[in-house]
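Enquirer: What follows is the residue order along each chain.
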Amino acid sequence: MDRYKNIMVYGEITDGSLSSITKELLGCGKILANDLGEELCAVLIGNNLGHLAKEAIAFGANKVYLVDHPLLQDYQTDSYLLSMVKVVEQEMPRILILGQTSIGLDLSPRLAFRLNTAVVLDCVELSIDPDSKQLLQTKPVYGGKGMAVFSSESYPQMATVRSKSMKPLEREESRQGKIFNVNVNLDQTNIRTRSLGRVTEKAEGIKLEDAEIIISGGRGIGSADGFKQLEELSKVLKGSAVGGTRPACDAGWISTTAQIGLTGKIVTPKLYITVALSGSSQHMAGCSGSGTIVAINNDPRANIFKEAQFGVVGDWKMIFPAFVKKVKELLKE
Amino acid sequence: MRGDRLALGCIKLFKPVREGKCEIIARETLEEAAFNLAQKLREARVL
Numbered sequence: 001m002d003r004y005k006n007i008m009v010y011g012e013i014t015d016g017s018l019s020s021i022t023k024e025l026l027g028c029g030k031i032l033a034n035d036l037g038e039e040l041c042a043v044l045i046g047n048n049l050g051h052l053a054k055e056a057i058a059f060g061a062n063k064v065y066l067v068d069h070p071l072l073q074d075y076q077t078d079s080y081l082l083s084m085v086k087v088v089e090q091e092m093p094r095i096l097i098l099g100q101t102s103i104g105l106d107l108s109p110r111l112a113f114r115l116n117t118a119v120v121l122d123c124v125e126l127s128i129d130p131d132s133k134q135l136l137q138t139k140p141v142y143g144g145k146g147m148a149v150f151s152s153e154s155y156p157q158m159a160t161v162r163s164k165s166m167k168p169l170e171r172e173e174s175r176q177g178k179i180f181n182v183n184v185n186l187d188q189t190n191i192r193t194r195s196l197g198r199v200t201e202k203a204e205g206i207k208l209e210d211a212e213i214i215i216s217g218g219r220g221i222g223s224a225d226g227f228k229q230l231e232e233l234s235k236v237l238k239g240s241a242v243g244g245t246r247p248a249c250d251a252g253w254i255s256t257t258a259q260i261g262l263t264g265k266i267v268t269p270k271l272y273i274t275v276a277l278s279g280s281s282q283h284m285a286g287c288s289g290s291g292t293i294v295a296i297n298n299d300p301r302a303n304i305f306k307e308a309q310f311g312v313v314g315d316w317k318m319i320f321p322a323f324v325k326k327v328k329e330l331l332k333e
Numbered sequence: 001m002r003g004d005r006l007a008l009g010c011i012k013l014f015k016p017v018r019e020g021k022c023e024i025i026a027r028e029t030l031e032e033a034a035f036n037l038a039q040k041l042r043e044a045r046v047l
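Read top to bottom, the protein sequences are chains A and B.
In case it helps, my numbering puts the first sequence at residues 1 to 333.
In case it helps, my numbering puts the second sequence at residues 1 to 47.
It should be emphasised that the hints constitute simulated quantities derived from the structure, not laboratory data.
Be careful, since some hints might not be right.
Not everything, but these chain A residues come out facing chain B in the computed CB check (under 7 Å) [to be verified]:
| id | residue |
| --- | --- |
| 1 | Gly146 |
| 2 | Met147 |
| 3 | Ala148 |
| 4 | Phe150 |
| 5 | Phe310 |
| 6 | Gly311 |
| 7 | Lys326 |
| 8 | Leu330 |
DSSO-like, lysine-lysine: derived pairs with alpha carbons at most 30 Å apart [what the hints assert, rightly or not]:
| id | chain 1 | residue 1 | chain 2 | residue 2 |
| --- | --- | --- | --- | --- |
| 9 | A | Lys228 | A | Lys306 |
| 10 | A | Lys202 | A | Lys133 |
| 11 | B | Lys12 | A | Lys5 |
| 12 | B | Lys15 | A | Lys270 |
For glycine and all other residues, C-beta sits at the position ideal for the given N, C-alpha and C.
Just chain A, with the same shape it has in the complex:
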């Protein structure tokens, strides 16, 4: 165990910038590093990414390891795995954290296997046990109905962290850190798959994950036309988006890309307005981090009222149009 030191974050890059999950991981990693009195390291893998090292330092990294190679232009399992194994075996971090993203989910189990260690996926909280100095990894279990805390005795202690569950540090240009280039022997023979093309998902308006206000509808909305009413409010509220529960998405009333919950997106808006939505644990697993939750539902015993700060009990078809009208008036003022 003494061979292992420091906290390492795998940094994802989106459109040439550090992705939001990377900044969140750096924020979380910094707290762990401070608790252990150790350093926070970031690994960045890609092509022509030197400018991002300073950005990672500005968000809290003490050291940045760059693996820069033309064959690493886009994420590819074999080449990225080889790169991560090289960096981790060279630096021997005590803790290694990745994002709970499609890349993190692809990379982390393979990496754990190569390193003969364990990984806990989908953590929402990471902390250090003050006595044993072990990493405590907290994650939702049983469809979000319970929480479990895991600890691993194999090193590095690995975890993937759910998006929006950690807060990034304020960006500070004055932060200082060291940058190291890591050479990995890569050629086409290392890469067993190749990308044939790229399709970018078309998204209109604000992304759910970035929305400050979300109006979310459930099974009780009853139709696609009902969701149009929610969209009407969204048009009025700046920085807002419309989401839905799994039954509403499965019914085709709203796009599956707007699904919030355990099997959908994780969101943390400042205001989460729920309409005709019961608040099942599976749905709440995706929105319980919201600032203020509002419930409009005709069942006073619905779980959503246990989660919400404000609520109205009654038929949403009677309540919602009046609510929209009043919101419009207030915003005009």
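Place chain B on chain A using the hints.
Expert: Coordinates of chain B only, in the frame set by chain A:
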């Protein structure tokens, strides 16, 4: 580098506690309650 041990253990299992402090906006009519809800959110500076 090989891991010292592969032991991974669940050391705690619990159900998250909800405070359940929902302020139910009740008025004579649902429209009034809706108006009042919007007003409350405005006062709370979340709208």
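Enquirer: For this structure, which hints from the list above don't hold up?
Expert: The structure breaks only hint 10.
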